[in-house]
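Asks: Go ahead and model the full structure; you've got the sequences and the hints to work with.
If you read the protein sequences in the order shown, they are chains Y and G. For the first sequence, counting from 1, position 274 maps to 951 in the numbering used here; every step adds exactly one. For the second sequence, counting from 1, position 182 maps to 1260 in the numbering used here; every step adds exactly one.
No wet-lab data here; the hints were simulated from the structure. Ideal placement from N, C-alpha and C gives every residue a C-beta, glycine not left out. Just to be clear, a hint being listed does not mean it is correct.
What the hints assert, rightly or not - Computed from the model, here is a short list of chain G residues facing chain Y with C-beta under 7 angstroms:
id	residue
1	PRO1123
2	ILE1197
3	LEU1201
4	VAL1312
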Amino acid sequence: MARKKRNNKKLLTQMALYFIVFLGLTWALVPIIWMVLSSLKTQAGMFAMPPKIFFEPNFDTFKYMFSEDGGFLNYLRNSVVASVTSTVISLVLGALGGYALARGRFKQTKHIAFWIISTRMAPIPAVMLPLYLLFTQLNLVGTMTGLIFAYTTFNLPFALWMMMIFFKEVPEALEEAAMIDGCSKFQAFLKIAVPTATTGLVATGILCLMFAWNDFMFASIFSGHSTQTIPVAASMLITQQGIAWGQAMATGTVIITPMVVAGLAVRKYLVQGLSMGAVK
Amino acid sequence: MQINAEKSWSKNTDHHVKKKRRKFSTEFWMLIPSMVLLAIISIFPFLYLIYASFMDFTISFQRPEFIGLGNWIYVLSDSLFWSSWGRTILYVGVGLGLQLLIGVGMALAIYHLPKGKNIVVTLWMIPVFVAPVVAGLLGRYLLNSTYGLYDWFFSLLGMETQILGDTMTSMPAIILMDVWEWTPLITLIVLAGLNSLSSEPLEAADVDGANYLQKLTYVILPLIAKTIVVALLVRSMDILRFVDKIKIATEGGPADSTKVAGYYLMEVAFKFQDFGAGSVLGITMLIVTIFLGQFFVKFMMDKQ
Chain Y
678 MARKKRNNKK LLTQMALYFI VFLGLTWALV PIIWMVLSSL KTQAGMFAMP
728 PKIFFEPNFD TFKYMFSEDG GFLNYLRNSV VASVTSTVIS LVLGALGGYA
778 LARGRFKQTK HIAFWIISTR MAPIPAVMLP LYLLFTQLNL VGTMTGLIFA
828 YTTFNLPFAL WMMMIFFKEV PEALEEAAMI DGCSKFQAFL KIAVPTATTG
878 LVATGILCLM FAWNDFMFAS IFSGHSTQTI PVAASMLITQ QGIAWGQAMA
928 TGTVIITPMV VAGLAVRKYL VQGLSMGAVK
Chain G
1079 MQINAEKSWS KNTDHHVKKK RRKFSTEFWM LIPSMVLLAI ISIFPFLYLI
1129 YASFMDFTIS FQRPEFIGLG NWIYVLSDSL FWSSWGRTIL YVGVGLGLQL
1179 LIGVGMALAI YHLPKGKNIV VTLWMIPVFV APVVAGLLGR YLLNSTYGLY
1229 DWFFSLLGME TQILGDTMTS MPAIILMDVW EWTPLITLIV LAGLNSLSSE
1279 PLEAADVDGA NYLQKLTYVI LPLIAKTIVV ALLVRSMDIL RFVDKIKIAT
1329 EGGPADSTKV AGYYLMEVAF KFQDFGAGSV LGITMLIVTI FLGQFFVKFM
1379 MDKQ
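Replies: Below you can see the structure in the form of structure tokens.
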């Protein structure tokens, strides 16, 4: 009797747990599912009340966006060029510097660490203001170079910080063994440390891509007519006359899809990256 | 940059000294490129910000005039400056409080699930990948008072609302958008902490006859408290960094009800072109970040 009671209690607890989790997932996923569904609806279907869950998918919005008139391919190219270039620059310099910070015995490592974190976490509006004044003098506003430089302000400190953490996890003995075999320190870095830390390098790179790809604030001020990125294009759909919701939802779907795929691929390192290495 | 090479001078043989010095110089040269670029992207703008805070850009953008403490006096006596910081504290405080509550709750629920943990975590973390601009668009779409899905739910409950158009509900809506996007991160961090707990203290608590709530408050939470504090530090700096959602969903309105410090700075600088006053605002924001960052680095370095 007592055992049955305990089993009942256990079953109830489990049901409660699944219920809580179900509620949580509903809250988290309904907006995203609704966005994807809306992007596949006709204009009339989108605004139907009560909202429709079942309908015949319509790809006209996507077709228009990717056509010549839609201009979306330009935004896509700008987004890819800006985020990939800033990621490559940050990753190369970040790997070199991060390795040096992990292995070198500099007296100022703690001060450098603090400097890196302050730069990475500086409020974007406070960074944008002096950069904007500087860029206007150098005629960099509206150029791709300016945008890439702006993205480096958060991606370089991020890559430095993360690579420092990842290289600290590589056992130094491996490199020492290679150096006894006649490698220089730099060769040991290239041939031993970098291959050992490849997953960390890839994860850092994907997160850099994500930060740049998702950026709206820098691009809204620093990108010009020909260098507009996708998030800026999405914000341009909000006008005085109203909002082109069909396109907005389709654009949103295009923005998040690659990030969800890439992010889930490096899931293991995601928390570490997003918490600036505080959690392993 | 100085190095700790002196010690090896006295203690080691010549051979070792040579090796030590070589080791240092390679690393030094590896560090230099990133430090130079980092200086260009951080120190220079920071000094420029301080310079700009003493200049008046409103008459001529190209040739600003020195006005001493004019901008500082103007900003510090501006009621909108103080109210925007007040709203920022509310945004960060309430937002983080909710994220912590829901995040820890979900983490505990997921942790004790008998089956399906992996798929649940995967689905739960998806909002983290959503660009802030998309989160803002979604909020505005779902809460639209004529065709928004969430608004339709509210109308079923008999509530006629203008959530983003009402000064009472606009800030809560903005906070919930951030909570929606970032609560999963808190869950993931807490889950990582829970998974790394050793079973010994929990077994000891079981022996002592502790119930679940006691185990939670006296064993589990204290053990992962430090991780949570670090996570909250990162999140608080991050909330200060971004204003994308506000720009897209409410543009600081209605009646300034969602105008947080970062948004106010964007408006002063890039809409009204008052870069001097904007610089003062920027410096106040940087001071807060630097203060939080110092704690973060201290926590991180102590851990290692």
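Asks: Take the hints in turn and mark each one as holding or not.
Replies: Evaluation of the provided hints:
A distance limit of 7 angstroms between C-beta atoms decides the matter here; for PRO1123 of chain G the minimum to chain Y is near 4 angstroms, and the interface restraint holds. Annotation: ILE1197 of chain G was flagged as interfacial toward chain Y, and the flag is violated, the nearest CB pair being 10 angstroms apart, outside 7 angstroms. At about 5 angstroms, the closest approach between the beta carbon of LEU1201 of chain G and any beta carbon in chain Y falls short of 7 angstroms, and the interface hint on this residue holds. The closest approach between the C-beta of VAL1312 of chain G and any C-beta of chain Y is roughly 5 angstroms, which is under the 7 angstroms cut-off, so the hint is satisfied.
Of the numbered hints listed earlier, the single one contradicted by the structure is hint 2.
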